[in-house]
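Participant: This is what each chain is made of:
There are 2 protein chains.
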Amino acid sequence: MSIKHNYLENTDLNEAKQKYFGHLKDSGFCSGYEMIPSCSANKRILKNAVYAKICSPHYNACAMDGAAVKASATYSASETNPVLLSPEDYTVVDTGDPLPDGCDAVIMVEDLIDKNDGCFEIISSVRPWQNVRQVGEDICMGDMIAPSGTQLTPSLCGALLAGGVTEVEVIKKPLAGVIPTGDEIVMPTDSPSKGEIIEFNSTVFRGMLEDIGAEVKVYPIVKDKKELISAAVRKAVDESDIVLVSAGSSAGRDDYTSEIISSLGTVCVHGLAIKPGKPAILGEISSKPVIGLPGYPVSAIVVIEEIVKDVVSLYCGTTPPEKETVKGILSKRIVSSLKYGEFVRVQLGRIGDEISVSPLPRGAGIISSFTKADGILEVERNSEGIEAGAQVEVRLLKPLKEIENTLIVTGSHDPVIDEIADMLKKADAPFRICSSHVGSMGAIHAVKNGLAHIGGIHLLDTETGEYNKSYVEKYFPDGSAIIKKGIGRIQGLMVKKGNPLKIKDFSDIKRIRYVNRQRGAGTRILCDYLLQKYEIDPEGIDGYRNEEFTHTAVAALVAAGNADAGLGIYSAAKIYDLDFIPLCTEKYEFLVSKKYENDPMVNEFFNILSGDKMKNRLEEMGGYTIYE
Amino acid sequence: MSIKHNYLENTDLNEAKQKYFGHLKDSGFCSGYEMIPSCSANKRILKNAVYAKICSPHYNACAMDGAAVKASATYSASETNPVLLSPEDYTVVDTGDPLPDGCDAVIMVEDLIDKNDGCFEIISSVRPWQNVRQVGEDICMGDMIAPSGTQLTPSLCGALLAGGVTEVEVIKKPLAGVIPTGDEIVMPTDSPSKGEIIEFNSTVFRGMLEDIGAEVKVYPIVKDKKELISAAVRKAVDESDIVLVSAGSSAGRDDYTSEIISSLGTVCVHGLAIKPGKPAILGEISSKPVIGLPGYPVSAIVVIEEIVKDVVSLYCGTTPPEKETVKGILSKRIVSSLKYGEFVRVQLGRIGDEISVSPLPRGAGIISSFTKADGILEVERNSEGIEAGAQVEVRLLKPLKEIENTLIVTGSHDPVIDEIADMLKKADAPFRICSSHVGSMGAIHAVKNGLAHIGGIHLLDTETGEYNKSYVEKYFPDGSAIIKKGIGRIQGLMVKKGNPLKIKDFSDIKRIRYVNRQRGAGTRILCDYLLQKYEIDPEGIDGYRNEEFTHTAVAALVAAGNADAGLGIYSAAKIYDLDFIPLCTEKYEFLVSKKYENDPMVNEFFNILSGDKMKNRLEEMGGYTIYE
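Those sequence lines, one after another, are chains A and B.
First residue of the first sequence? That's 359 in the working numbering, and the numbers climb one at a time after it.
First residue of the second sequence? That's 359 in the working numbering, and the numbers climb one at a time after it.
If you are wondering where the hints come from, they were derived from the structure by calculation, not from laboratory data.
One or more of the hints may lead you astray.
Identical copies look the same in the list; a pair holds intra-copy or inter-copy alike.
[Claimed, not checked] Pairs of lysine to any residue residues, derived as SDA-like cross-links and limited to a Cα-Cα distance of at most 25 Å, are as follows: (1) Lys783 x Asn974; (2) Lys401 x Leu755; (3) Lys583 x Val625; (4) Lys855 x Met972; (5) Lys667 x Lys756; (6) Lys945 x Ile966; (7) Lys854 x Gln488; (8) Lys584 x Met466; (9) Lys952 x Gly610; (10) Lys832 x Arg869; (11) Lys860 x Leu889; (12) Lys401 x Ser671; (13) Lys783 x Pro835; (14) Lys473 x Asp900; (15) Lys405 x Gly386; (16) Lys405 x Phe789; (17) Lys759 x Lys973; (18) Lys530 x Glu367; (19) Lys383 x Glu367; (20) Lys854 x Pro395; (21) Lys932 x Glu736; (22) Lys411 x Ile394; (23) Lys842 x Lys932; (24) Lys405 x Asn965; (25) Lys783 x Leu718; (26) Lys411 x Lys783; (27) Lys759 x Asp582; (28) Lys584 x Ser430; (29) Lys932 x Ser551; (30) Lys860 x Glu479.
Full structure from sequences and hints, please.
Facilitator: Here's what the structure looks like:
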């Protein structure tokens, strides 16, 4: 059996875009237009300048409730010399009424003294056209209401109607046809079989493209057969303005997209010097852009963000919106390849005067790195990376105001932090929690360096058997950070349901496949302490180097059979229906920088932690105790 | 005949909101919920925290095209000691395939040396789980994907599906029922009869509310009959979550809204201490907000912006988005009433280091003041106004980036400026033009004080008969501003078609009703020059004090019969099909601050002005000449 293998190009992103957009323009790619009612034209883009067809108001309209008069009849009125208006001198009018013939002003109702005999007295005069909205006061016939290319707003739609423009010619919304491909791809389900991959990319694309004004049609999933994909592409090119083929964009055995586009049109670029997003295809068939997107969601999102959105702008004749950025301090070193420009997802938060920038996991398959991301840090090509502490510019994915109001909680993983975040949301707290799993030692580092308000730690002093205290004393000898509050939680070995390997205590890990936690994690320190206690050589443990970042990740691998046991907390074992061999109860505590001890966000965090709701929730989750 | 007259309250905006929102909460106003598919949940708001139901990936998936192996079989491989993999040692896999049983790693296709006999050679080892996406790598079952109250994004929708969450419970979109009322109100048309007012407010409301995630149902127009409006309100309360009654919110003869709400529920506030927006009603019927909106569009927009949007947030349980602001320098004095807080629409633009803030016309009927507005300047209650030159904080209606890239052209009104703006848009210029009509003397003031890049002037030196030159020499003796380019245009008297009053020359304005231009306008200076020449006393002119700001506004009033004649340019007369009595050809020229002479935006402006397209357009408009 042989393996086909082609290499991709490694085209610079900007070069690729220039080449591709040039090709699209030359091929005749352009927008369509349609006439639509002005009353449903909000957000649409005008083809041409629009001029008012009528004036607004289009007649002289009374601007007040009161009496319409000839202004000259009131000129002599004063407090000492009131003027009496007989019924023939005035007409009672409401706001919006046409000014009666022969009148050129309106006296406000408040200024009319009712003589109860059909006459009114006035003690001040009105000038001509007072309290009258003269023809064209707002909009004059012939005036340009909006120039071409304007994106209409609610008030512009109102102005169009006021100016008698009931229909407008606008740029058609580009229709993006999305073709999901792949033998293993299935429609969303909560019970996929082994080897089935849930097709969620098209949902992400739909949202991203609808958000910028495109329409999206998702075609049925196509199997990895060249003829089938080719037929689907031809149909989509016929029906849509932009075609996106999801997956199959690389150069593997089942990657047909490039070949298909070549045979029906032109492949401009195949392979970009970016990460994620490398295996992208920029093609054109019948003057329409046909883009091959990588199958990994994060790669595809980057290609949509960096290229497809600009294709939509090209269609609409609009300038792509400027990307807002913010400057911040990188919390952790980023290593990058010279070959690629990298788009690193980051979390952001303000600590004191600085915005801290924390990189998220970089795997192309980690959609959760986008859901948690506040911004994108671009590491340029030809750079080997960026050092911790460097000032960097980050492109925002969320409003800066939201980021400013962030409580940063970092450190050891415990689901309790997510639960507190949820309870804060429910309580309408005017800030959010941004949390990351960097382990207990990571928490100490972050609090020490002003990168987090709160750090979650459970650090066993292997000499005293005590938790946390000695570490805090060692790293914060000046008392600049304190333990504020914590919970007790049961740590133990998570093993398969029914404990088939008959694991009794920690010493049994010598004879089974283990899954470990990352260095710096409190649970890792516990593991190493226990290894020492039982005099076990780590090198002899199968899986000692297999490191995970959370309790649930360890539980998931035990449940899947990737490992036979791992250390973790009871609540994680419970979710995965694993057996649990309790080893100890530890103190999971929250370290707070003295500086932020009385910060309202920090206070609110601990209020929630001490509340009854949290107590109930912890009981529900299991394996926790609350102590004062 | 008698006139009903009630007074409105004058409740402080914040007090009114506090009282009203408190009442709504107490009355039981709350959001509804619905289950929807996660694939169409973008932008929706989660009711509860959502946890992953399955892991993603939910099986061990190959992360590369290549060969799946048992890692331990590769440990001895090196350049000097290659390992040969026989067909029984490996399985060919594609990215996404399930890892075959017995394997725990994948060798990338690039690292396989094909021996063409079914065997591969490798010269480096793989470690366990290398190139494998282990179960839960992205999302672990039981992990919280998003806390309650989260507004879903495209990537969160993807993460929900990846985590096996195919449906989510979200907050129902609030349905806002809009009831347009009024005897004079008609559906949008380009030929309304006298006294008919085009109903465009509901279109503005629809756009504003849909933009923040509400759904809008506009009911048919209801005549000013109490029973009819009452029936419509009851129906809307039954069918919608929020009811808006458009017009009839004041205390005039035909204003029934307050009475109707009182009879069916509660009126919390009637009359706000704001301008525009004073005659608003904040009411509640059957636990639903029922709000009476003023009929004037600008007043209604302010009430929607300040109150209705927050009612939508209250329903959705979201924090109203923070309003972005910018600091700038006020270009013109604003006088305000102590009684009201005022919301002044302003135009913004950057000139050098400063953002200039120019107030727009303040009439409640001027929808175009909103279409042109870049921001809202709030003048507090108990303030008499703000002086020119003061630093003010403005709430942005447009992105700051757009405002930063603005060429500010001010001065005398000529439609040519709008035409240039249009041509710049068509040419994809990376900036916009912001223009205002402040007259020629206003242009000199603005350029002198750094409030505009370019000023349009046509100033007749009544001594020499020359245009502009002597003014520029007088006001810029240091040469800090220059005339860059201009056009010739014919000024004359615009009179009714057929010239029924037999107006022959300017001296005839003694015997007719005149409409004038504002002080400082070049056309006003021409008028005053001609009055002097013909030795006519301005005080004797009927309408001398009737001032308009644009040529089309003057033409509109002559066409409507509000005046018999006015001075203006030929193109305006042409639009209104008026007769035109030419008086002179004047130089309309563009004054540029020396500082901005070579600014790219300024250059582009003059390129367009000198282009062939502009020449053709000027011919089409009529009455213009181009000179070098």
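Participant: For each hint, tell me whether it holds in the structure or not.
Facilitator: How the hints compare with the structure:
For the identical chains of this complex, Lys783 and Asn974 are intra-copy neighbours only, at 17 Å inside a copy versus 60 Å across copies, given an alpha-carbon limit of 25 Å. For a Cα distance limit of 25 Å, the shortest separation of Lys401 from Leu755 qualifies both inside one copy, at 21 Å, and across copies, at 14 Å. Taking the shortest alpha-carbon separations for Lys583 and Val625, only the intra-copy value of 20 Å comes in at or below 25 Å, while the best inter-copy value is 67 Å. When the C-alpha separation of Lys855 and Met972 is checked against a cutoff of 25 Å, the pair qualifies neither within a copy, at 29 Å, nor between copies, at 81 Å.
In this homomeric assembly, Lys667 and Lys756 come within 25 Å of each other (Cα to Cα) both inside a single copy, at 18 Å, and across copies, at 21 Å. Proximity of Lys945 and Ile966 under a CA criterion of 25 Å is satisfied intra-copy only: 18 Å inside one chain copy versus 73 Å between copies. Taking the shortest alpha-carbon separations for Lys854 and Gln488, only the inter-copy value of 23 Å comes in at or below 25 Å, while the best intra-copy value is 87 Å. For a Cα distance limit of 25 Å, the shortest separation of Lys584 from Met466 across copies, 24 Å, qualifies, whereas the shortest one inside one copy, 78 Å, does not.
Taking CA atoms no more than 25 Å apart as the test, Lys952 paired with Gly610 passes in neither setting, with 55 Å inside one copy and 62 Å between copies. Taking the closest pair of Cα atoms, Lys832 and Arg869 never come within 25 Å of each other, the shortest separation being 37 Å inside a single copy and 98 Å across copies. In this assembly of identical chains, the alpha carbons of Lys860 and Leu889 lie at most 25 Å apart only when taken from the same copy (19 Å versus 111 Å across copies). Taking CA atoms no more than 25 Å apart as the test, Lys401 paired with Ser671 passes in both settings, with 14 Å inside one copy and 22 Å between copies.
Proximity of Lys783 to Pro835 under the C-alpha cut-off of 25 Å is found in neither arrangement, the shortest distances being 35 Å within a copy and 63 Å between copies. In the homo-oligomer, the alpha carbons of Lys473 and Asp900 never lie at most 25 Å apart, since the shortest distance is 104 Å inside one protomer and 32 Å across protomers. Only within a single protomer do Lys405 and Gly386 lie at most 25 Å apart by alpha-carbon distance; the minimum there is 18 Å, versus 47 Å between protomers. In this assembly of identical chains, Lys405 and Phe789 lie within 25 Å of each other by CA distance solely across copies; the values are 18 Å between and 42 Å within a copy.
When the C-alpha separation of Lys759 and Lys973 is checked against a cutoff of 25 Å, the pair qualifies neither within a copy, at 32 Å, nor between copies, at 48 Å. For the identical chains of this complex, Lys530 and Glu367 are neighbours neither inside a copy (34 Å) nor across copies (48 Å), given an alpha-carbon limit of 25 Å. Taking CA atoms no more than 25 Å apart as the test, Lys383 paired with Glu367 passes inside one copy only; the shortest distance there is 23 Å, against 61 Å between copies. In this assembly of identical chains, Lys854 and Pro395 lie within 25 Å of each other by CA distance neither inside one copy nor across copies; the values are 64 Å within and 34 Å between.
When the C-alpha separation of Lys932 and Glu736 is checked against a cutoff of 25 Å, the pair qualifies neither within a copy, at 40 Å, nor between copies, at 56 Å. In the homo-oligomer, the alpha carbons of Lys411 and Ile394 lie at most 25 Å apart inside one protomer (17 Å), although the nearest pairing across protomers, at 44 Å, exceeds that limit. With identical chains, the CA atoms of Lys842 and Lys932 are never at most 25 Å apart, being 28 Å at best within one copy and 79 Å at best between copies. In the homo-oligomer, the alpha carbons of Lys405 and Asn965 lie at most 25 Å apart only across protomers (22 Å), although the nearest pairing inside one protomer, at 56 Å, exceeds that limit.
In this assembly of identical chains, the alpha carbons of Lys783 and Leu718 lie at most 25 Å apart only when taken from the same copy (23 Å versus 40 Å across copies). When the C-alpha separation of Lys411 and Lys783 is checked against a cutoff of 25 Å, the pair qualifies only between copies, where the shortest distance is 22 Å, while the shortest distance within a copy is 50 Å. Taking CA atoms no more than 25 Å apart as the test, Lys759 paired with Asp582 passes in neither setting, with 46 Å inside one copy and 45 Å between copies. Neither within a single protomer nor between protomers do Lys584 and Ser430 lie at most 25 Å apart by alpha-carbon distance, with minima of 87 Å and 37 Å respectively.
With identical chains, the CA atoms of Lys932 and Ser551 are at most 25 Å apart within one copy only, with a shortest distance of 23 Å there and 74 Å across copies. Taking the shortest Cα distances, Lys860 and Glu479 never come within 25 Å of each other, neither inside one copy (105 Å) nor across copies (40 Å).
Comparing the model with each earlier hint shows violations of hints 4, 9, 10, 13, 14, 17, 18, 20, 21, 23, 27, 28 and 30; every other hint is respected.
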